[in-house]
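K.L.:
Protein chains in written order, with my numbering: chain A, 4 to 279; chain B, 922 to 1167; chain C, 5 to 305.
Be a bit skeptical, because a hint or two may be false.
Have a look at the derived ranges for each label pair, beta carbon to beta carbon [stated by the list, open to error]: (1) A/S157 x B/H944: 28 to 38 angstroms; (2) A/G28 x B/P1033: 43 to 53 angstroms; (3) C/T168 x B/S1057: 49 to 59 angstroms.
Note that these hints are calculated values from the structure, not bench results. Since this is a predicted model, take the numbers as computed values, not measurements. For every residue, glycine included, the Cβ atom is placed at its ideal position computed from N, Cα and C.
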Amino acid sequence: MTAVVIDNLSIAFPTARGISHAVRGVSLTIGTEKLGIVGESGSGKSLTARSILRLLPASAQVTADRLSFDGIDVLRASEAEMRAIRGKRAGLILQDPKYSLNPVMTAGAQIAEAWRTHRKGSRRAALQAAEHLLEQVQIRDPQRVAGAYPHELSGGMGQRVMIAMMLAPDPELLIADEPTSALDATVQAEILRLMEDLVSRRGMGLILISHDLPLVSHFCDRVAVMYAGRVVEELRAADLRRAGHAYTRGLLDCLPTLSDPKVRLNVMTRDPAWLT
Amino acid sequence: MITVENLSVRFGSVEAVKGVSFHVPKGAAFGIVGESGSGKSTVLRALSGLNPDWTGRMEIDGTALSPHRSKDFFRRVQMVFQDPYGSLHPRQTVDRALSEPLEVHGIADIEPRILRALAEVALPPAVRFRYPHQLSGGQRQRVAVARALMSEPDVLLLDEPTSALDVSVQAEVLNLLSDLQVRRGLTYVMVSHNLAVVAHLCGTVGVMQGGVMVETVSADDLRAGNVMHAHTRALRTLCMALEEPA
Amino acid sequence: MSTPAALRDWLITETPSSRRQAAWGRRYRLWCDFRRNPLAIGGLATVVLLIVLCLAAPLLATHDPGQQTLTNRLAAPSAEHWLGTDELGRDVYSRLLYGGRVTLGMVVAVVLLVAPLGLAVGCIAGYFGGLADRVLMRVTDVFLAFPRLILALAFVAAIKPGITSAIAAIALTAWPPYARLARAETMTVRNTDYIAAVRLTGASPWRIILRHVTPMCTQSLIVRVTLDMSSIILTAASLGFLGMGAQPPSPEWGTMIATARRFILTEWWVPLVPAIAIFVASLAFNLLGDGLRDVLDPKQR
Chain A
4 MTAVVIDNLS IAFPTARGIS HAVRGVSLTI GTEKLGIVGE SGSGKSLTAR SILRLLPASA
64 QVTADRLSFD GIDVLRASEA EMRAIRGKRA GLILQDPKYS LNPVMTAGAQ IAEAWRTHRK
124 GSRRAALQAA EHLLEQVQIR DPQRVAGAYP HELSGGMGQR VMIAMMLAPD PELLIADEPT
184 SALDATVQAE ILRLMEDLVS RRGMGLILIS HDLPLVSHFC DRVAVMYAGR VVEELRAADL
244 RRAGHAYTRG LLDCLPTLSD PKVRLNVMTR DPAWLT
Chain B
922 MITVENLSVR FGSVEAVKGV SFHVPKGAAF GIVGESGSGK STVLRALSGL NPDWTGRMEI
982 DGTALSPHRS KDFFRRVQMV FQDPYGSLHP RQTVDRALSE PLEVHGIADI EPRILRALAE
1042 VALPPAVRFR YPHQLSGGQR QRVAVARALM SEPDVLLLDE PTSALDVSVQ AEVLNLLSDL
1102 QVRRGLTYVM VSHNLAVVAH LCGTVGVMQG GVMVETVSAD DLRAGNVMHA HTRALRTLCM
1162 ALEEPA
Chain C
5 MSTPAALRDW LITETPSSRR QAAWGRRYRL WCDFRRNPLA IGGLATVVLL IVLCLAAPLL
65 ATHDPGQQTL TNRLAAPSAE HWLGTDELGR DVYSRLLYGG RVTLGMVVAV VLLVAPLGLA
125 VGCIAGYFGG LADRVLMRVT DVFLAFPRLI LALAFVAAIK PGITSAIAAI ALTAWPPYAR
185 LARAETMTVR NTDYIAAVRL TGASPWRIIL RHVTPMCTQS LIVRVTLDMS SIILTAASLG
245 FLGMGAQPPS PEWGTMIATA RRFILTEWWV PLVPAIAIFV ASLAFNLLGD GLRDVLDPKQ
305 R
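Use the sequences and the hints to build the structure in full.
P.N.:
The structure is reproduced here in structure tokens:
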């Protein structure tokens, strides 16, 4: 099936004080599976995922031995070829639905438009498809939500609409960039469970970007941990307890937990050797 | 130190907070958890004086609070906001941000106080003349904490102080907050949607749902599972299930 | 700190040791950023040059700007009259220098009056909202409702024609857009967490507006001001043309074009010279304003 191959990807930005290397030699392959990319802000996790869709700031200097989406060379593809991938074959879900939904269009109209852009069909068929999609993202009252404007929806509901919109063209890959960071703990789990379920059922690939390692591990097959532009460790989610890298263990250790109270939380001491 | 009795807040026809009561002894930390829309932040904003439209009774150190607060109130009660990107003025250096409370309250020795405050939140002195956009998220939140401490308050109101931060930075800020509480004998009221974070910092936790505080429980009871309300139990189960790696 | 290199190091250090050093370092870095923008530097140089030329008009002028030589009307540029003469035989070059004093002086005076007034009205209306907002904005609407020139005309006619009343009249008609702009900016700033944080320090509303809200509005205001410069010059010219602004024989760029426009097809250099002066001045102010805006936003660095 569709496979994304990233080989030795580097992304750099020119700044006033010289070139800053945001991603340094990352190699990953993603098939029909759920991959979590975990790291703190500035680790390059979002840039890595977005480079697959070539959605990087204009000033980014991207080099890679190989960067391909289902055999298409993303670095050399024309803008038209990229448009055929973006939205249609690979969807992107962002952190806050408040900013990624159009405030003056109803949820249903936005999903219907996404559906019509990539498939042929009447306006009526598109609206029906939109309601069907809203049903699939477990919205109990799809007709009401289809007629609602984004500001009338809660954060969790907005993110469901966003997912429905991304599913409309039946993509092969879903990239979710911190999809639940703006949501409550309970809604967070629901949305992640929903995404996991949909992706497994439809046989899609999923890239889940997050800074919360324990959380992500519940919804992924594999986890890549990034630090300062590199993948420091890549392992199966089930093997997380046996993580080898000090940074990965630090990420697991520093969270406060209900089951294991501590007076002081463990704070990571960053080893300069992690950078090399 | 803090007593809230039957606090209600309305926004137009919507009653966001319906008769919330709690008490926080001096030097203690009280946590409020709930989902968005449960009214937890509204309670904090009413307490801080940012929202004057409330009914009920609120007391700090035995003095009843009126909708409009005196200058002395703002010296004694300070707040740390959720988003350190939004709570620091984008055009002002750290130095300006920290000297503002001192100038407003007419406190002298501005320079040594700023240097001491930076040291207290473990920021290097080099940060002093930087702008917020030149700092990392964790550094910004430390600046926000330092600013709240400038007027030497007794009460710190914390509105989701770590939910916009990376998990590794969250640990550092939570440690800083517990150190400060011990060192300065501060009283905390903290709002969060993360049960584990609240239970870590606060001895007592109030659970809010739909504008009502459905249960007040000690952190130990919460950990042990001695809870009464179904909503508390649901939050606890979810938190336990997700906090361990798969 | 005696050598330039040591001074530079003192200025650009990452760890300034005092507020004074930090402030000067900030200014120096602003200047370095500004210097990197050649268009802005061009604008600044032109503005400075224009101001110097106008201030030094008595030294640089070759003739008395009011001296008429009716026998030598509408002469082409020559060694005697560098830019030719106008319809009354006056030296255009000398009138241009003296006219710049009047024109640029009026522009600067109007801007100095208008920008703070608009900023104050807009910020107060936007920050307090409610009744203050409604009253101040309705007043603004009243001024916006009249065509600019007509209102200015009525005002000048009511008092006596002249440069001072022209300045007052233009200022009176130019402030409402600034107030609207400042109000819109204030409304977006008002509900941010950083303003809430300042409110929680116990600062008075006036202190908040003055020290925390206005800095957020100045950036768009500077752009607006520089874009407005040319239209202020043109309004001044229109008033002058209608006999309500600068009074003859005192030279003013707009009046010079207005009186010479009949000759545009025959003796085209007569109206063209002041037109170029207005164009150059407006362009220079625009470029300067653009450069300032880019530099003043600390996030862009």
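K.L.:
Please go over all the hints and tell whether each is borne out by the structure.
P.N.:
To see whether the hints hold, each was checked on the structure:
no., hint, verdict
1, A/S157 x B/H944: 28 to 38 angstroms, "holds, 32 angstroms"
2, A/G28 x B/P1033: 43 to 53 angstroms, "holds, 47 angstroms"
3, C/T168 x B/S1057: 49 to 59 angstroms, "holds, 55 angstroms"
Checked against the numbered hints above, the structure violates none of them.
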